[in-house]
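*Asks:* As given, the protein sequences belong to chains A and B, one line each in that order.
Sequential numbering from 1 applies to the first sequence in my numbering.
Sequential numbering from 1 applies to the second sequence in my numbering.
Among the clues, some could well be false.
What the hints assert, rightly or not - When the alpha-carbon atoms are kept at most 27 Å apart in a straight line, the in silico DSS-like pairs for lysine-lysine are as follows:
#	chain 1	residue 1	chain 2	residue 2
1	B	K74	A	K758
2	A	K740	B	K77
3	B	K71	A	K420
4	B	K51	B	K113
5	A	K660	B	K3
Unchecked claim - A few chain B residues that face chain A, going by a derived Cβ cut-off under 7 Å, partial list only:
#	residue
6	T22
7	S27
8	G31
9	K42
10	P54
11	A59
12	N81
13	P83
14	Q86
15	K97
Hints were generated in silico from the structure; no laboratory data involved.
A virtual CB, placed ideally from N, CA and C, is assigned to each residue, including glycine.
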Amino acid sequence: MEYIGEHILPGQLGRFFVSLALVGALISALGYGLAFRKKEYLHLARASFWAHALAVLGIVGTLFYLLLSHYFEYDYVWKHSSTELPLRYVFSAFWEGQEGSFILWMFWNAVLGLILMRTAKHLESGVMSVFAAVQAFLSSMILGSYLGGIKIGSSPFVLMRQTADNFGLPWTQVPDYLNKFPAFMDGTGLNPLLQNYWMTIHPPTLFLGFASTLPVFAFAMAALFSKDFKGWVKAALPWAFFSVGILGLGILMGGAWAYEALSFGGFWAWDPVENSSLVPWITMVGAAHLLLIYRNRQTGLSSAFFLALISFLLVLYSTFLTRSGVLGDTSVHSFVDLGLSGQLLIYLLFFVLIAFGAFFYRMRQFPKEKGDDNLSSREFWIFIGSLVLLVSAFQIIFTTSIPVFNQLIGKEGLVPMLDKDIAPPIEIIKHYNGWQVPFALIITLLIGFGQFLNYRKTDAARFWRSISFSAILALILTVLVAQLYDFWKEVLYLILLFTSIFAVISNLDYWLRLRKGSWQFSGSSIAHLGFGLIMAGALISNAKKKVISNTNVFLSEDLPSSENALLELGDTTRLGSYMAIWHQMREGENRKQFYDVSYYSPQPNGLLQKEFDLEPFLQMSDNMGPTPNPSTKHYWHKDLYTHVTYSSYLEPASPDGYGKEMEVRMNRGDTAIYRDHFVIMDSLKVNATANKETGQLKSVRLEAELSIVNVLGETYTANPVYFLEDDVVSYEDYYLDQQKFKFRLEDIDTETGQIVLKAYQELGEQKPFIVMKAIVFPLINLLWLGCILMVVGSFIAVVQRFKKA
Amino acid sequence: MKKTHLAIIIFIAIAVGAIIVTMSDASTYVGFEEAYKTPGTKYTVIGYLDKEAPMHYDARTQRFEFTAIDKEGKRQKVVYNQPKPQDFERSEEVTMKGYASDSGFIAEEILMKCPSKYNEQNEIAGYGTYTE
Numbered sequence: 001m002e003y004i005g006e007h008i009l010p011g012q013l014g015r016f017f018v019s020l021a022l023v024g025a026l027i028s029a030l031g032y033g034l035a036f037r038k039k040e041y042l043h044l045a046r047a048s049f050w051a052h053a054l055a056v057l058g059i060v061g062t063l064f065y066l067l068l069s070h071y072f073e074y075d076y077v078w079k080h081s082s083t084e085l086p087l088r089y090v091f092s093a094f095w096e097g098q099e100g101s102f103i104l105w106m107f108w109n110a111v112l113g114l115i116l117m118r119t120a121k122h123l124e125s126g127v128m129s130v131f132a133a134v135q136a137f138l139s140s141m142i143l144g145s146y147l148g149g150i151k152i153g154s155s156p157f158v159l160m161r162q163t164a165d166n167f168g169l170p171w172t173q174v175p176d177y178l179n180k181f182p183a184f185m186d187g188t189g190l191n192p193l194l195q196n197y198w199m200t201i202h203p204p205t206l207f208l209g210f211a212s213t214l215p216v217f218a219f220a221m222a223a224l225f226s227k228d229f230k231g232w233v234k235a236a237l238p239w240a241f242f243s244v245g246i247l248g249l250g251i252l253m254g255g256a257w258a259y260e261a262l263s264f265g266g267f268w269a270w271d272p273v274e275n276s277s278l279v280p281w282i283t284m285v286g287a288a289h290l291l292l293i294y295r296n297r298q299t300g301l302s303s304a305f306f307l308a309l310i311s312f313l314l315v316l317y318s319t320f321l322t323r324s325g326v327l328g329d330t331s332v333h334s335f336v337d338l339g340l341s342g343q344l345l346i347y348l349l350f351f352v353l354i355a356f357g358a359f360f361y362r363m364r365q366f367p368k369e370k371g372d373d374n375l376s377s378r379e380f381w382i383f384i385g386s387l388v389l390l391v392s393a394f395q396i397i398f399t400t401s402i403p404v405f406n407q408l409i410g411k412e413g414l415v416p417m418l419d420k421d422i423a424p425p426i427e428i429i430k431h432y433n434g435w436q437v438p439f440a441l442i443i444t445l446l447i448g449f450g451q452f453l454n455y456r457k458t459d460a461a462r463f464w465r466s467i468s469f470s471a472i473l474a475l476i477l478t479v480l481v482a483q484l485y486d487f488w489k490e491v492l493y494l495i496l497l498f499t500s501i502f503a504v505i506s507n508l509d510y511w512l513r514l515r516k517g518s519w520q521f522s523g524s525s526i527a528h529l530g531f532g533l534i535m536a537g538a539l540i541s542n543a544k545k546k547v548i549s550n551t552n553v554f555l556s557e558d559l560p561s562s563e564n565a566l567l568e569l570g571d572t573t574r575l576g577s578y579m580a581i582w583h584q585m586r587e588g589e590n591r592k593q594f595y596d597v598s599y600y601s602p603q604p605n606g607l608l609q610k611e612f613d614l615e616p617f618l619q620m621s622d623n624m625g626p627t628p629n630p631s632t633k634h635y636w637h638k639d640l641y642t643h644v645t646y647s648s649y650l651e652p653a654s655p656d657g658y659g660k661e662m663e664v665r666m667n668r669g670d671t672a673i674y675r676d677h678f679v680i681m682d683s684l685k686v687n688a689t690a691n692k693e694t695g696q697l698k699s700v701r702l703e704a705e706l707s708i709v710n711v712l713g714e715t716y717t718a719n720p721v722y723f724l725e726d727d728v729v730s731y732e733d734y735y736l737d738q739q740k741f742k743f744r745l746e747d748i749d750t751e752t753g754q755i756v757l758k759a760y761q762e763l764g765e766q767k768p769f770i771v772m773k774a775i776v777f778p779l780i781n782l783l784w785l786g787c788i789l790m791v792v793g794s795f796i797a798v799v800q801r802f803k804k805a
Numbered sequence: 001m002k003k004t005h006l007a008i009i010i011f012i013a014i015a016v017g018a019i020i021v022t023m024s025d026a027s028t029y030v031g032f033e034e035a036y037k038t039p040g041t042k043y044t045v046i047g048y049l050d051k052e053a054p055m056h057y058d059a060r061t062q063r064f065e066f067t068a069i070d071k072e073g074k075r076q077k078v079v080y081n082q083p084k085p086q087d088f089e090r091s092e093e094v095t096m097k098g099y100a101s102d103s104g105f106i107a108e109e110i111l112m113k114c115p116s117k118y119n120e121q122n123e124i125a126g127y128g129t130y131t132e
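Here chain B stands alone, though its shape is the one from the complex:
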């Protein structure tokens, strides 16, 4: 067998390894209930901000607390130990990476989806309530 063929086979093996490891590294999107079954294990939860519940940001300790509702409808206090993301109130969807604990769901990373500017422009274009 040619050496190059051997090399190709080795690299295909590495590529397959990459798939397997990625799959085991990869988590699944879960709800808070699932996350609370194994506190301390990291998960990604997608939910949205509960705008009815109070939000609390203490800049001095940099502890930001809010309540999120996951896709299954479960409410959960979330603690984010970083400055409050700008414009958090306006977020439509919040992706939280973190783990469950007694003091709440500890989010280490937060990604939010804001309403796109196009939607807002539609509101402006809705000037159209004008009648002759």
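Same shape as in the complex, but just chain A:
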């Protein structure tokens, strides 16, 4: 059959590029593998990696072309874009879906691969064979073909009529379906929640971060393949710092996005999806530091290998966690299972086996390391720090993996060993903080004094002399901050506050006083002081955040008081030290409902002085319903964060002033509860008349007799009537004036004999209101400043290491 209006060619071109990318990567992997023995295969391997990289570029170009041309016959285009979608969101639409984000990841890997092809020198064969193998797996994820009934990959170039969901549906047999059905004339559009600049900048950064773990992994693998256990360290170092910087940036952007534009009420919630990108970063920080010690002192090689390998493997594991649908019950981020979990698992296991196989096989051949580390040496404490990072990462990934354990050994798991599924800890944030606060405390302490230690051995007297200045200054500052924000009761937090401030001061002191602000030492100092600021900012803003919309109304003993305040239109409500007024609801473009709230501070003369306006909004969408979007007032020393959690505009309006509808099915004698009243169905009167000539039913009159009993035991009766005549239904609703109830006999189920009863209550003159939450985050700007400094410091380190490498 010929379909009218379809554009088949670009899709075929896209599929051709995918196949070319896969084949190119496979040949390149093979070629580089052979090039270990015979150098003449190098040309073939390089050429095919170039072909692969160009094919990836072709895939990217084709998908953009389809999105920009609005070819809605393509499933991906239809699902992720629409004609109304502003041009600036075409990137967001590109990587909204899983296929698009795989392509983004492949794109970055290809870019990094091309750089390494030129710079890896004698390790090229090893490094590039790993790159090509990874790319081959990734290409297969967007292949979208069936092999022996098994689906391999999910292609973004599938036509809608060819998807498994639609295959064989009647409309696929209509040649001009594109012009006939309005549903195909426009796409369903990008999820409105993702229509902001974060969605444009966050995924490319995060995926570059994921991709950046690969060079370090590939260098380690190349070293294991070629038994060159020393040469790789120098080459991998700048990449390790690059990864720390860019992956760190990606994660922090995610946090900033959550804080600025989503309603989680904070920048970090220990959500499984957040955790699974944080963990590879933590191990990469450990890897970078261990590589540094090996470079300077030739100790700790096996640990350096282990952490360098595991960071990339954890990225794969995180991909598996977030894309296989296994996190379903525990994460607020929802992911659609594309049925690729098996393939992802094979991908993960393949690299885990190869990496650890090579590692343990070669471990015996590692060069012997001399003597024991001195307790006063820098390398010993860096080593301890890396171990702390590893344990910290382990703890996070272990708890995050609980759903995986259920799949493996749970009640319905692979090998059922437990009779019940394990649920993650109830107080999840407390659980993580309980572990991670002590780890953070050790790390910040190490960051604080580590710089003052020398490699090999440190002179004790000199060490204490140089460090005492920052220690004393940090102590004074800690006392001030603790006094200001009342930290005296929480010992652990107090110590962390001190160690974080100490880390900031001592690194500044080391750089500016001891190293006279020299460029050469700036990278590590800036990155470390940035990390200290992140910790201090996270601690103060989180531990001392204050919900000011607290109502202090306790409904009963066993209920906590509500953290949300109710604001009626135009009324003044006290929120902490502010008075707040909600002025109006505005409908904004793209289905947003803005709620303008102004904050005032009461003056001694009783007047209100306006401080600032906020405009939190609800984003309406068909897929997710109304979603709150916060609005935040930023001061230098605190943020005031607000989001609307409920609004009377969301309640369905009813034309006759009755609402709060309840529908219930009842048999004779049944009881239902409606708004503190029992509704008892006593009997049903049936009157039917028949057409005398035909004998057919002419009219039916049903009258239900209901008893309505209130809490005092007083009984009222209600008799709603259902009337059917000549196929026309009419109702005689029954009104109870005192309770303002209305009952309607909606229908009768002829099979079960149950009546369908609807109850309503009069809504009356209702003033519009909103329910909102307002939180003050003190000193959260320290956190953002720290993030920027840490990333800047990491990149300075990259530049310096590249120069040395």
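With chain A's structure known, arrange chain B on it following the hints.
*Replies:* Structure of chain B alone, referenced to chain A:
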């Protein structure tokens, strides 16, 4: 023994500690009946919204009440002392963290799974009842 080896052993011990503590922190998914055996103890219950029973949200007191049916089929009134989650009616599955009490199961946290947009798109694609 080298100091580094000692350190490694200590950290392995901490890691084992993390496993044990996680396991003791971790709860199990239970039904309402199990939760009601020890009122006040916190549990995670997975169930779904009873769409036949009335749902009640009083914005003024911010008390949201609904009836949930757990996986064992038991119905239970649930009290959620926070604004009604948006689009709650459309949820397919509700994960409730909380404890049993006389006034109902007090949910402190609610996580809901909504039908994915893909399902809905299938409905649109089901335009296919068209016949020539």
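*Asks:* For every hint, state whether the structure bears it out.
*Replies:* Each hint tested on the structure:
1. K74(B) to K758(A): Satisfied, since the Cα-Cα distance of roughly 25 Å is no more than 27 Å.
2. K740(A) to K77(B): With a Cα-Cα distance of about 25 Å, the restraint between K740(A) and K77(B) holds, given a limit of 27 Å.
3. K71(B) to K420(A): holds (12 Å)
4. K51(B) to K113(B): holds (15 Å)
5. K660(A) to K3(B): violated (70 Å)
6. T22: Holds: closest Cβ of chain A sits about 5 Å from T22(B), inside 7 Å.
7. S27: This hint holds: S27(B) lies near chain A, its Cβ roughly 5 Å from the closest one there, short of 7 Å.
8. G31: violated (10 Å)
9. K42: holds (4 Å)
10. P54: Result: holds, 5 Å to nearest chain A Cβ.
11. A59: With Cβ-Cβ at 6 Å, under 7 Å, it holds.
12. N81: Holds, about 5 Å.
13. P83: holds (4 Å)
14. Q86: holds (5 Å)
15. K97: holds (5 Å)
Hints 5, 8 from the earlier list are contradicted by this structure; the remaining hints agree with it.
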